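First to last, the sequence lines map onto chains L, B and X.
Using numbering that gives the first Met the number 0, you'd call the opening residue of the first sequence number 0 and step up by one each time.
Using numbering that gives the first Met the number 0, you'd call the opening residue of the second sequence number 0 and step up by one each time.
Using numbering that gives the first Met the number 0, you'd call the opening residue of the third sequence number 0 and step up by one each time.
Read the hints as simulated data drawn from the structure, not as lab findings.
Dumping the calculated DMTMM-like pairs for lysine to aspartate or glutamate here, alpha-carbon to alpha-carbon at most 20 Å:
id: 1; chain 1: L; residue 1: Lys-247; chain 2: L; residue 2: Glu-268
id: 2; chain 1: L; residue 1: Lys-27; chain 2: L; residue 2: Glu-59
id: 3; chain 1: L; residue 1: Lys-292; chain 2: L; residue 2: Asp-58
id: 4; chain 1: L; residue 1: Lys-192; chain 2: L; residue 2: Glu-393
id: 5; chain 1: L; residue 1: Lys-299; chain 2: L; residue 2: Asp-285
id: 6; chain 1: L; residue 1: Lys-136; chain 2: B; residue 2: Asp-133
id: 7; chain 1: L; residue 1: Lys-70; chain 2: L; residue 2: Glu-28
id: 8; chain 1: X; residue 1: Lys-67; chain 2: L; residue 2: Glu-268
id: 9; chain 1: L; residue 1: Lys-291; chain 2: L; residue 2: Asp-378
id: 10; chain 1: L; residue 1: Lys-300; chain 2: L; residue 2: Asp-378
id: 11; chain 1: L; residue 1: Lys-119; chain 2: L; residue 2: Glu-96
id: 12; chain 1: L; residue 1: Lys-121; chain 2: B; residue 2: Glu-159
id: 13; chain 1: L; residue 1: Lys-119; chain 2: B; residue 2: Glu-159
id: 14; chain 1: L; residue 1: Lys-121; chain 2: L; residue 2: Glu-94
id: 15; chain 1: L; residue 1: Lys-263; chain 2: X; residue 2: Asp-130
id: 16; chain 1: L; residue 1: Lys-167; chain 2: L; residue 2: Glu-249
id: 17; chain 1: X; residue 1: Lys-269; chain 2: B; residue 2: Asp-133
id: 18; chain 1: L; residue 1: Lys-118; chain 2: B; residue 2: Glu-159
id: 19; chain 1: L; residue 1: Lys-401; chain 2: B; residue 2: Asp-133
id: 20; chain 1: L; residue 1: Lys-350; chain 2: L; residue 2: Glu-282
id: 21; chain 1: L; residue 1: Lys-168; chain 2: L; residue 2: Glu-188
id: 22; chain 1: B; residue 1: Lys-79; chain 2: B; residue 2: Glu-159
id: 23; chain 1: L; residue 1: Lys-180; chain 2: B; residue 2: Asp-133
id: 24; chain 1: L; residue 1: Lys-247; chain 2: X; residue 2: Asp-130
id: 25; chain 1: L; residue 1: Lys-248; chain 2: X; residue 2: Asp-130
If you're wondering where the values come from, they're calculated on a predicted model, not measured in any experiment.
The chain contents come next:
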Amino acid sequence: MNRRHFLATSAAAAATVGFPAILKAQSKEPLRIGCPLPLTGPFAALAADMQRGAVLAADEVNAKGGVMGRKVEVLFRDDQLKPAIGAQRTKELIENERVQFVIGGLAAHVQMAINEQTKKSKVLYISTSQSDEISAKPDTSPLTFHEALNPTITSRVVGNWVAQNLGKKWWIIYADYAWGKQNNAVLTEVLKKNGGTLLGTTPYPLGSAEFSAHLPRIQAAKPEVLMNVAPGADNVALHKQVISYGMKKEMKIAQPLHWISYLKEGGPELYQDVYGGINWYWELQDQIPTAKKFVEASMKKYGMPPGDYGAYSYSAVLELARGAELAKSTDSDAVANALRKNPTYDHFKGKQWWRTCDNKSFQDMWIVRGRGPGQTKGDWGYLDIVAKVPASEEHDRTCAEKGFA
Amino acid sequence: MKRAAVRAVAAHPVLTFVLVFAIFPFVVPYKALATQVLIYGLFALGFNLLYGYTGLLSFGHAAYWGLGAYGTGLALAKLKLASLWGALGAGLVLAGVAGVLIGFFCLRRRGIYFAMLSLAFAQLLYFIAFHLADVTGGDDGLRGIQVPPLRLPGLTVPLESSLAFYYFAFALVTLALLVLKRILDSPFGAVLQAIRENSDRAVACGYDIRKIKLLSFVFSALFCGLAGGLDALRLAVVPVESLYWTTSGQVVIMTLLGGAGTFFGPFVGATAFLVLEDRLSTFTESWPLFIGLIFMAFVLFLPKGIWGTLLARLRS
Amino acid sequence: MGGHFGAPHLITALTAQLFTGLVLGMIFVLLAIGLSLIFGLMTVVNFSHGSFYMLGAYLGFALVGYTKSFWLALIVAPLLVGLLGLGVERFLIRPLYGRSIDDPLLLTFGLSAVIIEVVRLTWGKIGLSLDPPQALGGAVNLGFGMFPAYRLFVIVVTALVLVGLWLFLERTNVGLVIRGGSRDPLMVRALGVDLRRIWLIVFGIGSALAGLAGILAGPMRSVYAEMGVTTVIESFVVVVVGGMGSLPGAIVAGLLIGQVVSVTTFFAPKLAEINVFLVMALVLLLRPSGLFGEAGLME
Numbered sequence: 000m001n002r003r004h005f006l007a008t009s010a011a012a013a014a015t016v017g018f019p020a021i022l023k024a025q026s027k028e029p030l031r032i033g034c035p036l037p038l039t040g041p042f043a044a045l046a047a048d049m050q051r052g053a054v055l056a057a058d059e060v061n062a063k064g065g066v067m068g069r070k071v072e073v074l075f076r077d078d079q080l081k082p083a084i085g086a087q088r089t090k091e092l093i094e095n096e097r098v099q100f101v102i103g104g105l106a107a108h109v110q111m112a113i114n115e116q117t118k119k120s121k122v123l124y125i126s127t128s129q130s131d132e133i134s135a136k137p138d139t140s141p142l143t144f145h146e147a148l149n150p151t152i153t154s155r156v157v158g159n160w161v162a163q164n165l166g167k168k169w170w171i172i173y174a175d176y177a178w179g180k181q182n183n184a185v186l187t188e189v190l191k192k193n194g195g196t197l198l199g200t201t202p203y204p205l206g207s208a209e210f211s212a213h214l215p216r217i218q219a220a221k222p223e224v225l226m227n228v229a230p231g232a233d234n235v236a237l238h239k240q241v242i243s244y245g246m247k248k249e250m251k252i253a254q255p256l257h258w259i260s261y262l263k264e265g266g267p268e269l270y271q272d273v274y275g276g277i278n279w280y281w282e283l284q285d286q287i288p289t290a291k292k293f294v295e296a297s298m299k300k301y302g303m304p305p306g307d308y309g310a311y312s313y314s315a316v317l318e319l320a321r322g323a324e325l326a327k328s329t330d331s332d333a334v335a336n337a338l339r340k341n342p343t344y345d346h347f348k349g350k351q352w353w354r355t356c357d358n359k360s361f362q363d364m365w366i367v368r369g370r371g372p373g374q375t376k377g378d379w380g381y382l383d384i385v386a387k388v389p390a391s392e393e394h395d396r397t398c399a400e401k402g403f404a
Numbered sequence: 000m001k002r003a004a005v006r007a008v009a010a011h012p013v014l015t016f017v018l019v020f021a022i023f024p025f026v027v028p029y030k031a032l033a034t035q036v037l038i039y040g041l042f043a044l045g046f047n048l049l050y051g052y053t054g055l056l057s058f059g060h061a062a063y064w065g066l067g068a069y070g071t072g073l074a075l076a077k078l079k080l081a082s083l084w085g086a087l088g089a090g091l092v093l094a095g096v097a098g099v100l101i102g103f104f105c106l107r108r109r110g111i112y113f114a115m116l117s118l119a120f121a122q123l124l125y126f127i128a129f130h131l132a133d134v135t136g137g138d139d140g141l142r143g144i145q146v147p148p149l150r151l152p153g154l155t156v157p158l159e160s161s162l163a164f165y166y167f168a169f170a171l172v173t174l175a176l177l178v179l180k181r182i183l184d185s186p187f188g189a190v191l192q193a194i195r196e197n198s199d200r201a202v203a204c205g206y207d208i209r210k211i212k213l214l215s216f217v218f219s220a221l222f223c224g225l226a227g228g229l230d231a232l233r234l235a236v237v238p239v240e241s242l243y244w245t246t247s248g249q250v251v252i253m254t255l256l257g258g259a260g261t262f263f264g265p266f267v268g269a270t271a272f273l274v275l276e277d278r279l280s281t282f283t284e285s286w287p288l289f290i291g292l293i294f295m296a297f298v299l300f301l302p303k304g305i306w307g308t309l310l311a312r313l314r315s
Numbered sequence: 000m001g002g003h004f005g006a007p008h009l010i011t012a013l014t015a016q017l018f019t020g021l022v023l024g025m026i027f028v029l030l031a032i033g034l035s036l037i038f039g040l041m042t043v044v045n046f047s048h049g050s051f052y053m054l055g056a057y058l059g060f061a062l063v064g065y066t067k068s069f070w071l072a073l074i075v076a077p078l079l080v081g082l083l084g085l086g087v088e089r090f091l092i093r094p095l096y097g098r099s100i101d102d103p104l105l106l107t108f109g110l111s112a113v114i115i116e117v118v119r120l121t122w123g124k125i126g127l128s129l130d131p132p133q134a135l136g137g138a139v140n141l142g143f144g145m146f147p148a149y150r151l152f153v154i155v156v157t158a159l160v161l162v163g164l165w166l167f168l169e170r171t172n173v174g175l176v177i178r179g180g181s182r183d184p185l186m187v188r189a190l191g192v193d194l195r196r197i198w199l200i201v202f203g204i205g206s207a208l209a210g211l212a213g214i215l216a217g218p219m220r221s222v223y224a225e226m227g228v229t230t231v232i233e234s235f236v237v238v239v240v241g242g243m244g245s246l247p248g249a250i251v252a253g254l255l256i257g258q259v260v261s262v263t264t265f266f267a268p269k270l271a272e273i274n275v276f277l278v279m280a281l282v283l284l285l286r287p288s289g290l291f292g293e294a295g296l297m298e
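Build the full structure now, drawing on both the sequences and the hints.
This is the structure in structure tokens:
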């Protein structure tokens with residue numbers, strides 16, 4: 000409270016513009032990263048994971064002496080899953096807390112609003128939300144970076160694997176909004192490329208969680224694979240209802256993404272043998288040495304392993320630190336250019352890199368499968384790792400397709 | 000002393016507003032908060048005209064806020080209009096037309112039926128905006144809004160900085176307040192309040208209350224539309240939630256927190272709610288718990304709202 | 000791309016749809032009855048109704064954890080929510096009588112936020128999974144296809160509760176006063192009845208019904224703190240369509256809206272949500288007091 004008040008008054012005294020030189024120079028002032036995220040509301044669990052990941056990254060950087068001798072601090076604000084609030088919190092972080100950089104956004108529509116503010120204020124923003132548009136024109140900018148996966152990458156990877164390994168006759172149920180529609184479109188295209196048949200698609204209004212109206216018809220069509228493109232609580236509800244109609248025994252079930260929080264919520268009965276894609280799962284520490292330190296730090300501090308969104312924020316903060324060290328500056332343009340000039344990084348899960356045209360992070364993905372009751376390991380061991388899909392720029396749209404020359 | 004202050008404020012509302020809000024950005028923790036309060040205050044002001052002064056509770060006022068925002072946003076993002084006034088004007092027209100059409104239907108009913116009908120219309124607009132993704136951006140929101148500079152005869156003022164935009168909005172809101180004052184002080188305004196007090200008696204006195212209510216509805220929609228348009232400029236994005244019932248709920252809360260049926264109530268309420276939400280959510284993740292409790296305490300103990308209670312004490 | 004249907008397929012598909020709509024409708028009915036009575040009798044708009052629904056599911060989950068019995072939880076959870084409703088009416092809403100009719104609306108709006116946050120603080124941010132009892136876990140062949148046994152159970156339980164409620168309202172003195180009070184509060188008061196006791200009971204019953212709806216709905220979907228927020232708006236729609244204060248109205252409208260949602264979801268999924276509001280708008284414009292409501296109520 001005191002420190003914030005002090006900062007507010009000293010900032011007011013120093014006036015708003017005209018002193019960037021003083022701010023840029025080496026000082027003991029901490030390096031501040033703003034992070035709006037939905038701490039309240041239906042995705043609070045995912046946001047809590049994101050918060051933990053960012054804090055772990057800051058701890059790691061500070062243990063090594065910080066960035067250019069400055070301590071890294073991440074400031075979290077509740078965006079309530081609403082774009083207008085997300086924008087307001089971003090303004091507050093930039094104007095009041097004078098953050099150097101911004102990460103975060105969990106929901107795609109909120110990250111768009113955050114992005115408009117960071118673009119306006121010329122602050123570097125690393126988005127940790129899953130969206131196709133954020134890394135394409137006209138929304139993106141030289142200061143907009145995208146760490147997370149997006150529907151195109153996810154659905155191409157998962158779609159290909161499922162078509163080649165589980166079956167070629169699909170039915171897709173998808174939430175009727177941007178994320179759902181994008182995944183549906185890409186899955187449809189991928190199935191066609193693999194010579195499969197799309198028996199049907201069923202859009203449903205996001206949040207309605209009542210699928211029983213559709214299930215008898217889907218059952219009658221006898222698909223080999225049912226694609227569950229429902230997010231959050233809808234995902235859990237759909238699995239429940241599919242099981243209650245006896246459909247789980249009749250077909251394979253897959254989804255573009257698994258989220259560790261919903262695996263826990265739904266439990267092993269619900270998610271047994273459900274295939275999906277994921278950017279990060281803690282049991283990868285058995286295969287990847289650098290992952291071990293991430294998992295151990297999280298277990299030590301929080302008593303739980305880091306999850307998928309925690310991984311995004313961890314990576315984002317570490318990248319900001321790396322970029323600032325490379326540029327020897329906290330100026331957003333300088334750091335952005337430094338990251339583009341040195342795009343390759345590997346903090347905890349293997350090689351990742353930023354593509355130059357759209358500042359998109361490319362990273363390895365894994366196909367995972369839910370473990371059944373009695374097979375889970377401890378409190379969080381819900382998934383079997385089935386296959387690794389190494390990063391490739393072919394998984395996303397080309398620079399040209401995103402509007403770059 | 001305090002009494003005299005309150006009396007002075009009540010007697011010269013627009014002047015007081017100008018004095019307070021001229022320095023407001025330097026009073027609150029950061030400037031963008033001041034702009035948010037100003038714009039939501041205008042939104043609440045528009046709502047208050049219909050609810051506090053005419054006595055009609057609408058659950059669907061997000062419609063005019065949202066249409067004002069979309070009108071302004073679409074003019075700038077899709078039609079590539081270069082004029083600030085043109086864009087705001089487009090928002091006003093959209094909100095005004097909606098006010099006429101929706102008002103025509105809603106006013107056929109009274110009380111809770113009026114409220115639910117207004118909710119239904121606003122939700123319909125929400126779903127249309129959600130699904131017309133090619134035009135409105137759908138659930139991702141309308142982006143691509145570039146704020147043109149303010150062009151006055153002999154002067155071009157860029158509105159990029161927080162402070163510049165604040166004073167631009169401040170000028171417009173002051174104008175709106177002057178208009179509102181005119182409306183309320185006029186015979187028309189007197190009839191509005193007569194309708195709020197006793198609708199049947201107003202009819203008995205020979206007033207065409209249907210037409211008057213509709214006029215009030217449209218004025219209300221225009222104020223809210225202007226506020227929405229300003230917010231579109233402020234955020235450079237129009238979220239589809241602008242049309243959702245939670246936005247309607249927010250403006251009701253702000254108006255009631257401040258004091259319905261009072262001139263300043265809306266601004267006091269907007270300040271209280273937004274500053275409280277801003278600061279509380281910085282300190283604790285459980286801020287909805289505290290806001291909910293504070294709100295309940297207000298309803299139980301300060302039902303006239305902050306400003307309303309002050310005024311009532313003054314008069315007693 | 001929905002597949003090609005011949006006439007017999009269509010009939011079985013539609014029948015399946017009707018049953019699904021029936022289940023949906025039953026949940027709506029449970030929610031609407033409470034809301035309608037509270038509206039009609041007390042002119043109170045109870046925004047916290049959705050959070051009572053949510054509490055029913057959460058308390059049900061907790062009770063199943065303690066007692067290992069879904070059946071016990073099914074009885075106790077609604078009672079607990081009903082008790083909470085009694086407390087809310089007595090201490091939070093009663094002080095507001097005689098004031099503006101918007102005050103209870105606002106208070107219950109704030110209360111809803113408080114309840115959601117308390118639930119989140121108690122049970123955490125990750126949602127819960129409420130499972131149906133083992134006996135009801137499978138699907139039953141109803142001739143037109145497999146239908147989940149649990150959903151049939153929901154239909155049966157709700158029907159029983161409705162019968163019980165009807166008996167209570169028709170055959171007891173308290174029920175008589177409630178029915179009279181919702182039609183003509185002034186007359187009832189003139190007859191010397193202490194309306195405050197009645198309102199307390201009505202609020203308690205309405206809340207208990209919401210809690211029951213919650214624990215019944217829980218196993219079919221996902222249990223999370225915000226699950227009542229959209230439901231409350233849908234419940235208002237049902238109440239308006241049925242007519243405020245009308246019990247038969249709440250039942251008919253609940254079932255009707257359940258079918259509207261189900262059938263629309265089947266034929267035109269994108270329109271499913273708009274349709275509900277369209278129906279409400281039409282009813283309000285053409286027959287404002289709702290299907291069964293009395294004109295002049297709540298104006």
